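A.B. asks: Hey, can you work out the whole structure from these sequences and the hints?
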Amino acid sequence: MSVLVTGGSGYIGAHIVRQLRDRGDTPVVVDDFVTGRRERISGIPSVSLDLAGPDARRVLRDVITEHGVTAIVHLAARKQAGESVQHPLEYYRDNTRALAAVLAAARDTAVRDVVFSSSAAVYGDATADVDEDAPVAPANPYGRTKLLGEWLVAAAARAHGLRAVSLRYFNVAGAQWPDLVDTAGLNLIPMVLGRLRDGQSPRIFGDDYDTPDGTCIRDFVHVADVADAHLAVLDALPRQREPHRVFNVGTGVGTSVREIVDGLRARLPGSPPAIVLPRREGDPPRVVGNTAAIRRALDWRARHSINDVLDSAVARGE
Numbered sequence: 004m005s006v007l008v009t010g011g012s013g014y015i016g017a018h019i020v021r022q023l024r025d026r027g028d029t030p031v032v033v034d035d036f037v038t039g040r041r042e043r044i045s046g047i048p049s050v051s052l053d054l055a056g057p058d059a060r061r062v063l064r065d066v067i068t069e070h071g072v073t074a075i076v077h078l079a080a081r082k083q084a085g086e087s088v089q090h091p092l093e094y095y096r097d098n099t100r101a102l103a104a105v106l107a108a109a110r111d112t113a114v115r116d117v118v119f120s121s122s123a124a125v126y127g128d129a130t131a132d133v134d135e136d137a138p139v140a141p142a143n144p145y146g147r148t149k150l151l152g153e154w155l156v157a158a159a160a161r162a163h164g165l166r167a168v169s170l171r172y173f174n175v176a177g178a179q180w181p182d183l184v185d186t187a188g189l190n191l192i193p194m195v196l197g198r199l200r201d202g203q204s205p206r207i208f209g210d211d212y213d214t215p216d217g218t219c220i221r222d223f224v225h226v227a228d229v230a231d232a233h234l235a236v237l238d239a240l241p242r243q244r245e246p247h248r249v250f251n252v253g254t255g256v257g258t259s260v261r262e263i264v265d266g267l268r269a270r271l272p273g274s275p276p277a278i279v280l281p282r283r284e285g286d287p288p289r290v291v292g293n294t295a296a297i298r299r300a301l302d303w304r305a306r307h308s309i310n311d312v313l314d315s316a317v318a319r320g321e
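For the sequence shown, the positions run 4 to 321 when my numbering is used.
These are calculated hints, taken from the structure and not from any lab test. If you're wondering where the values come from, they're calculated on a predicted model, not measured in any experiment. Treat the hints with care, as some may be off.
Unchecked claim - Derived Cβ-Cβ restraints for the label pairs, each shown as a range:
id: 1; residue 1: 299; residue 2: 50; range: 29 to 39 Å
id: 2; residue 1: 204; residue 2: 128; range: 19 to 29 Å
id: 3; residue 1: 211; residue 2: 50; range: 29 to 39 Å
id: 4; residue 1: 113; residue 2: 50; range: 14 to 24 Å
id: 5; residue 1: 275; residue 2: 318; range: 18 to 28 Å
id: 6; residue 1: 270; residue 2: 302; range: 27 to 37 Å
id: 7; residue 1: 113; residue 2: 265; range: 46 to 56 Å
id: 8; residue 1: 113; residue 2: 48; range: 11 to 21 Å
id: 9; residue 1: 26; residue 2: 181; range: 18 to 28 Å
id: 10; residue 1: 50; residue 2: 275; range: 20 to 30 Å
All C-beta atoms, glycine included, are put in the ideal place defined by N, C-alpha and C.
C.D. replies: Right, dumping it as structure tokens:
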């Protein structure tokens, strides 16, 4: 299988690319390399491209033809929720244009199988465990671009005979290989680790939520499991009857912010204690994914525990 992976030099994308390569498939990466790192995909064919630019559709068609691409995994996007509030126009422009270019290139070529990187951010301020039929109400422009992306993928699949799946990731963390750690420092675990390694106290925003220890609860899923979910979808797409399906990708298990902080501190002896700050606006108390649908459809489930996530993050320098 020859698979075009947009955003393939990023944290999640590089794990997908390496898993594809290691099982004998042929990944090809298209990325602008603004946040991704070329060294993550050493030896993998790649093209530098602004997917929101005017040449994207043409270049994508050329890449698909040259490499005999049979499936596309689209991850490339702006991904910072907070930044999206400050720069909504750029988020809508870049994320929507890039996806439209990918779908147009698929339509124009022989590619029929498309996997779209969505997000649990489409659920917004959820108050309980969520399945794919839960109400969607994104709380920021980033989440709205992901929901819009799902709608666009579904419409293109129906109109142009594509087979597509949108994957709603929960909190992706950990590392499968030392050189593929999350270096962005924007997610909870790398943020806490960064402060601990600098000798600073990790910060907890709010400890008065209606949860067992008063801190927010999230579903942390190992990046290796997320990559594996993409491969499972790619294998199943040729047999998919529906134009478009949506799956949650998580563990179905909630872990509190306090548990994450304490778990990392325990792995780094001598770490300073956490400090508690006021709540951040818009942080829901609990967001955990129900993953029954992907288990039934693809026999996929997360294999790594939260301890595996924390161990890999600490051991591999996340």
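A.B. asks: Against this structure, judge whether each hint is valid.
C.D. replies: Evaluated hints:
no.: 1; hint: 299 x 50: 29 to 39 Å; verdict: 37 Å, holds
no.: 2; hint: 204 x 128: 19 to 29 Å; verdict: 28 Å, holds
no.: 3; hint: 211 x 50: 29 to 39 Å; verdict: 50 Å, violated
no.: 4; hint: 113 x 50: 14 to 24 Å; verdict: 19 Å, holds
no.: 5; hint: 275 x 318: 18 to 28 Å; verdict: 21 Å, holds
no.: 6; hint: 270 x 302: 27 to 37 Å; verdict: 32 Å, holds
no.: 7; hint: 113 x 265: 46 to 56 Å; verdict: 52 Å, holds
no.: 8; hint: 113 x 48: 11 to 21 Å; verdict: 18 Å, holds
no.: 9; hint: 26 x 181: 18 to 28 Å; verdict: 20 Å, holds
no.: 10; hint: 50 x 275: 20 to 30 Å; verdict: 45 Å, violated
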